[in-house]
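Visitor: Working from the sequences, and respecting the hints, build out all of it.
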Amino acid sequence: MVGLKPVALLIATLVCAASARAAEMRVTLLGTGTPTPRLSAFSASTLVEAGPEKLIFDFGRGSTIRLFQKKIPIGTITAHFITHLHSDHVVGLPDMWLTGWIGTPFGSRKTPMVIFGPKGTVAMTENLTRAFSEDIRIRIADEGYSPAGVAFDAKDVEPGPVYEKNGVKVSAIEVNHGEKIKPSFGYVVEYDGKKVVLSGDTKPDERVVKAADGADLLIHEVAVIDPDLFKAYPNYRAIENHHTSPEEAGKIFTQAKPKLAVYSHIVFASQPPTQDVPEDALLQRTRTTYQGPLVIGRDLMSFVISDHVESFAPDGSPMKPLTTDK
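Following the numbering used here, the numbering of the sequence shown begins with 70 at its first residue and continues without gaps.
Incorrect hints may have been included.
[What the hints assert, rightly or not] Listed below are the simulated DSBU-like cross-link pairs for lysine-lysine, each with C-alpha atoms no more than 30 Å apart in a straight line:
hint, residue 1, residue 2
1, Lys279, Lys249
2, Lys249, Lys272
3, Lys251, Lys234
[Stated by the list, open to error] Simulated DEER-style distance windows between Cβ atoms:
hint, residue 1, residue 2, range
4, Gly229, Thr392, 31 to 37 Å
5, Ser215, Met388, 39 to 45 Å
6, Arg206, Thr173, 44 to 50 Å
Simulated from the structure, these hints should not be mistaken for lab results.
The C-beta atom is built at its ideal place from N, Cα and C for all residues, glycine as well.
Guide: Put into structure tokens, the structure is as follows:
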């Protein structure tokens with residue numbers, strides 16, 4: 070029996086280690102961009118993994134491609150959430166839905182696609198089913214796929230708790246994306262005492278500050294638009310008015326005090342056009358109101374939350390957040 074003690078100790082250690090890993094949350098930025106068809110920044114989409122749950126927030130262009138790059142089968146996503154119904158947040162939905170159903174290693178969904186979003190979400194899924202009815206008919210008849218896997222389990226939601234399963238709780242918070250874009254949501258994801266907040270598209274909003282108070286991770290949108298564009302493209306003024314400036318975002322971070330603040334859905338436009346986010350200018354403007362740890366998001370960056378928050382570059386290597394420490 071004495072000889073078994075080290076074995077028992079090893080088993081106990083492994084069980085404890087597995088439990089610790091299971092309690093982690095992992096967040097991956099699948100798309101950090103806008104409607105602009107940039108190769109470097111697909112449009113808005115975020116993956117949150119907590120326990121057995123794999124949750125997608127928004128379906129920007131290329132979100133399925135990013136999942137493929139991460140070797141995460143599209144059909145294994147357990148629930149999907151929409152912040153609002155602007156095209157750049159939902160244009161990838163048909164791809165996520167139909168490609169996730171196809172009987173392949175990257176698809177093979179066998180149960181209805183669970184999806185939550187603002188008013189209009191259910192109607193959109195019903196109309197998509199009509200629009201792709203021939204594809205659905207053909208694949209069922211020709212390839213023998215289960216009709217259940219291409220069905221939608223969709224709900225139009227109100228602010229408050231919208232999903233709770235396997236210890237993971239998701240709540241919607243209404244945010245201010247402009248008077249004509251209602252409702253528009255941010256989301257709070259909680260698991261094992263950890264909290265991730267996604268602002269959604271919003272002007273500065275105290276409801277985000279309140280929801281993100283003491284969060285492990287606050288992922289917030291931001292807008293930087295070259296004033297020279299306003300004369301030639303007046304719509305940019307309206308776009309700017311629907312978003313949060315770096316200075317305003319910095320104030321939100323300072324008030325909420327998350328362990329880590331992250332920019333994603335980075336709305337920027339310059340004259341002449343450029344491919345990459347002007348990170349130096351974005352950082353300088355943010356630092357006028359916020360001095361804490363910050364990451365300027367890029368597609369495929371990820372964050373692991375345990376008793377602290379770790380950041381990883383798109384290639385998976387560890388990275389340090391931007392700080393004011395010298």
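Visitor: Now look at each hint and say whether the structure bears it out.
Guide: How the hints compare with the structure:
1. The straight-line distance between the Cα atoms of Lys279 and Lys249 is roughly 24 Å, inside the 30 Å bound, and the hint therefore holds.
2. A threshold of 30 Å between alpha carbons decides the hint, and for Lys249 with Lys272 the separation of about 13 Å falls inside it, so the pair holds.
3. Distance restraint check for Lys251 and Lys234: the Cα-Cα separation of roughly 27 Å lies within the 30 Å cut-off, and the hinted pair is therefore satisfied.
4. Hint check: Gly229 to Thr392, Cβ distance near 35 Å, so the stated range 31 to 37 Å holds.
5. At roughly 42 Å, the beta carbons of Ser215 and Met388 sit within the given window of 39 to 45 Å.
6. Distance hint check for Arg206 and Thr173: the Cβ-Cβ separation is about 19 Å, which falls outside the suggested range of 44 to 50 Å.
Of the numbered hints given earlier, the model fails hint 6 alone.
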